[in-house]
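Q: So the protein lines, in turn, are chains A and B.
85 is the number of the first residue of the first sequence in this note's numbering; add one for each residue after it.
462 is the number of the first residue of the second sequence in this note's numbering; add one for each residue after it.
It cannot be assumed that every hint is accurate.
Estimated spans, in silico, between C-beta atoms of each pair [to be verified]:
#1 A/E204 / B/I908: 43 to 51 Å
#2 A/R308 / B/P808: 36 to 44 Å
#3 A/N321 / B/P505: 16 to 24 Å
#4 A/G122 / B/K723: 18 to 26 Å
#5 B/L732 / A/E201: 26 to 34 Å
#6 A/L392 / B/R827: 55 to 63 Å
#7 B/L761 / A/A213: 54 to 62 Å
#8 B/L502 / A/G317: 52 to 60 Å
The set of hints was computed from the structure by calculation and includes no laboratory data.
These figures come from a predicted structure and were not determined experimentally.
Built from N, CA and C at the ideal position, the CB exists for glycine as well.
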Amino acid sequence: MRLQLENFTKAFDGVPVIEDMNLQVEDGEMLALLGPSGCGKSTTLFAIAGIYRADGGRILFGERDMSNLPSQRRNVGVVFQNYALYPHMSVQENIAFPLTVGKNRMRKADTVRPVREIAELIHIEELLARKPAQLSGGQQQRVALARALVRRPDVLLLDEPLANLDAKLRLEMRSEIRRIQRETGITAILVTHDQVEAMSMCDRVAIMNKGEILQIAPPTEMYRSPVSRFVAGFLGNPPIVFLDGHVTGECGFTMEQGLSLPLPQRLRGLSSGQSLTLGVRPEHFGTSGAAVASGKVTFVEPQGRETLFDVETAPGVVLRSIQPARQDVGIGDTVSWPVDAEHLLAFDAAGTRL
Amino acid sequence: MSSSAEATGGVARAARHPSTDRPHRQIAAARPRISLFGALLLAPALILLTCFFLAPAVLTAVFAFTDMSTSTGIGKGQYVVTPNLLRELADAGLSDEVAEAVSVETYTVDDAGLEAAEAGGVDGRFLKNIADRLNGETYTAAREFERALRGLPDAPRSPRELKLAAEHFGQSVLNQRFDTSEELSATLAEVAPNVSEETRDRIVASSYTGAVWTTENFHTLATQRETARLVANTFLFVSATLGFFNLSLGLFLAIVLFYMPKPVNSVFSTLWLLPRITPVVLYAIMWKWFTWEGGFLPVLAEQVGLPSFNYMKGSVVTAWITMIMVNGFIGASFGLILFSGALRAIPVQQLWASEVDGATRWQQVRRIILPQLRWPILFVTAYQTLSLLSAYEQIWLTTNGGPGKTTTVWALEAFRTALSNYSGNLEYGLGAAMALVLVIVGLTLSILYLLLFRFGELVSKPRIEF
Numbered sequence: 085m086r087l088q089l090e091n092f093t094k095a096f097d098g099v100p101v102i103e104d105m106n107l108q109v110e111d112g113e114m115l116a117l118l119g120p121s122g123c124g125k126s127t128t129l130f131a132i133a134g135i136y137r138a139d140g141g142r143i144l145f146g147e148r149d150m151s152n153l154p155s156q157r158r159n160v161g162v163v164f165q166n167y168a169l170y171p172h173m174s175v176q177e178n179i180a181f182p183l184t185v186g187k188n189r190m191r192k193a194d195t196v197r198p199v200r201e202i203a204e205l206i207h208i209e210e211l212l213a214r215k216p217a218q219l220s221g222g223q224q225q226r227v228a229l230a231r232a233l234v235r236r237p238d239v240l241l242l243d244e245p246l247a248n249l250d251a252k253l254r255l256e257m258r259s260e261i262r263r264i265q266r267e268t269g270i271t272a273i274l275v276t277h278d279q280v281e282a283m284s285m286c287d288r289v290a291i292m293n294k295g296e297i298l299q300i301a302p303p304t305e306m307y308r309s310p311v312s313r314f315v316a317g318f319l320g321n322p323p324i325v326f327l328d329g330h331v332t333g334e335c336g337f338t339m340e341q342g343l344s345l346p347l348p349q350r351l352r353g354l355s356s357g358q359s360l361t362l363g364v365r366p367e368h369f370g371t372s373g374a375a376v377a378s379g380k381v382t383f384v385e386p387q388g389r390e391t392l393f394d395v396e397t398a399p400g401v402v403l404r405s406i407q408p409a410r411q412d413v414g415i416g417d418t419v420s421w422p423v424d425a426e427h428l429l430a431f432d433a434a435g436t437r438l
Numbered sequence: 462m463s464s465s466a467e468a469t470g471g472v473a474r475a476a477r478h479p480s481t482d483r484p485h486r487q488i489a490a491a492r493p494r495i496s497l498f499g500a501l502l503l504a505p506a507l508i509l510l511t512c513f514f515l516a517p518a519v520l521t522a523v524f525a526f527t528d529m530s531t532s533t534g535i536g537k538g539q540y541v542v543t544p545n546l547l548r549e550l551a552d553a554g555l556s557d558e559v560a561e562a563v564s565v566e567t568y569t570v571d572d573a574g575l576e577a578a579e580a581g582g583v584d585g586r587f588l589k590n591i592a593d594r595l596n597g598e599t600y601t602a603a604r605e606f607e608r609a610l611r612g613l614p615d616a617p618r619s620p621r622e623l624k625l626a627a628e629h630f631g632q633s634v635l636n637q638r639f640d641t642s643e644e645l646s647a648t649l650a651e652v653a654p655n656v657s658e659e660t661r662d663r664i665v666a667s668s669y670t671g672a673v674w675t676t677e678n679f680h681t682l683a684t685q686r687e688t689a690r691l692v693a694n695t696f697l698f699v700s701a702t703l704g705f706f707n708l709s710l711g712l713f714l715a716i717v718l719f720y721m722p723k724p725v726n727s728v729f730s731t732l733w734l735l736p737r738i739t740p741v742v743l744y745a746i747m748w749k750w751f752t753w754e755g756g757f758l759p760v761l762a763e764q765v766g767l768p769s770f771n772y773m774k775g776s777v778v779t780a781w782i783t784m785i786m787v788n789g790f791i792g793a794s795f796g797l798i799l800f801s802g803a804l805r806a807i808p809v810q811q812l813w814a815s816e817v818d819g820a821t822r823w824q825q826v827r828r829i830i831l832p833q834l835r836w837p838i839l840f841v842t843a844y845q846t847l848s849l850l851s852a853y854e855q856i857w858l859t860t861n862g863g864p865g866k867t868t869t870v871w872a873l874e875a876f877r878t879a880l881s882n883y884s885g886n887l888e889y890g891l892g893a894a895m896a897l898v899l900v901i902v903g904l905t906l907s908i909l910y911l912l913l914f915r916f917g918e919l920v921s922k923p924r925i926e927f
């Protein structure tokens, strides 16, 4: 079901947190709300769930305006960060709970089949008799997911679902959640502060800061062409390096510290002397390209398949490079590596991408 | 208590701990130091425990098996045969002949009698006559002795004076205090040689004025008709107060306040605490102002044409309602505080989740909140049962068990019996027995509660990962 926020506004104690937000999630799409903590992404999610009341604007499920309905009547499934399983109920009872409450509730015996079905989908058939206290974190997560899905909700809302899992489980659950979302075809919103989660799990990413959506785009597109310095800085691991300087000549860029780089061809025609911030992603330094930057290696971080280098190209100016694993370069070595100038990102003084 | 038990365990473990590969000498040196330190740390707790918990409980148990009362005193008693005692024994089947034989008065001229007579102002010459001529004589009848006296040279003329003089030599076992049973027994044997040894022992035994060991208190409690009424009253009082106020009202308030905004919550929580923090006497007086004739409620009732009288003591039903409310309003705050704390410990996401899942407010309360309040509910039930079982001060200060004895509960009756009653004879033994019954009932109930709520499960180590 298509989900739409129109001029959604939310304030806490008179202080607006989100103002006039517009967002549209297509039927069957999985959208990530990505942003630093406090940016309003969970607030948005809880407002969609009806846990928070919107102070303005409309929340539409398909054509239906849900803004003034209590959460009981919105038919959404929510997975909370701490899973919020009911500790006094067995897994079976936890998953069956949404079916046994509300207006058209089932008798307990009737819930066995739907619970079994959803448990099979989520691979937790063997856990049904246990209590939440007897489950591992990953199992609790799966139960929470099953409980959220058992009522076949119109929208599935995931609030930092992977934050409490260890690294390995996180990887596993990442693909699991995506698989289940695909299989059920349910419209889903994932709230996360982890850009890897957002990019790997979702069809589109909405990046938020200070209660505002800065950009909505498919992950790759957003990574390639971020609209602003903030978005560029938020995506990418290891992160992008920003260089503050100004335009020189026809198509050049110079920093006060002395580093000079050519600008991409598409930026030809900027007036000379204009101040500019250049963003250099680590994969665009040290692999290929026409331009060259040289300097001394100050840090080497082997990551197995790849190796990460910090190169001080001018006093205080450190470029980051990620390359297929290599051991021929060590700390203190002077290197001259190519820079892929065509892929450099440039931002004006206000942080907007040029 | 549990902390001290743990500490004991800790000391024991520490003492056992020294590893085997260490030299023997060190182990030997280490052991007493650790246990001494442990004992030192434990000492204050143990002393307090002994003085304020163990000793009173043990003394109560001890007193419960005595007939200690104001008349026996708490010290060592003596052996006295009183006319009252003989009357009681006669009622219990002692024959009149024995009673007469025991209470018979004899007259013996001896040093003690002479001294008494001298102190009583009997003429000196007459006394000398008596000492010279009648010394060592014993008379079993007053008339005989008086005749003998009249025969003396310096005997006074008036029969009255003669009679008075004779009285100084009179001896009776009645009202005489003996320190040991043997002395009394010997004297009785002398006075009434015809009384059988068995009867004598019986008289001696019952003549003891101090407290004696007896199970009579429990027999009394088990047989008197009053007991059934007390038990019924106590049961009604405890269950009604607990059920309507401490649990239901406490739970209701806690849940209602839980859904209120925080300022409202704080104000009402504090208001409900007032009955508990008001000094008990003031609290009782306020209830009197509220319910007595001329008080708030009766005046209000008069205005609207309802029966107006002293609700606290005027009728059995209103007295009961008053008594339960007086205690209930104090108890409700206890439940309120405990339940509020437990409610706040439930993660808010669980409540959100249940709402998103479609649960109504009522379903949320019944299916999510109440099951998680099981432990506090058990605690309030168990703790308040015990404190209500032993609560008497509010009742004492308000209805005072009345009208009649209709609102008298076990604890109040025990208090009255042992420590405060109008007849003045405080029956410590019987009161202690009543208290002991209360203690046993309380302990039994605690164990039952713990079994019922599967205590072991409740305190087992949590295994939820956060």
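Q: Tell me, which hint numbers fail for this structure?
A: 3, 5
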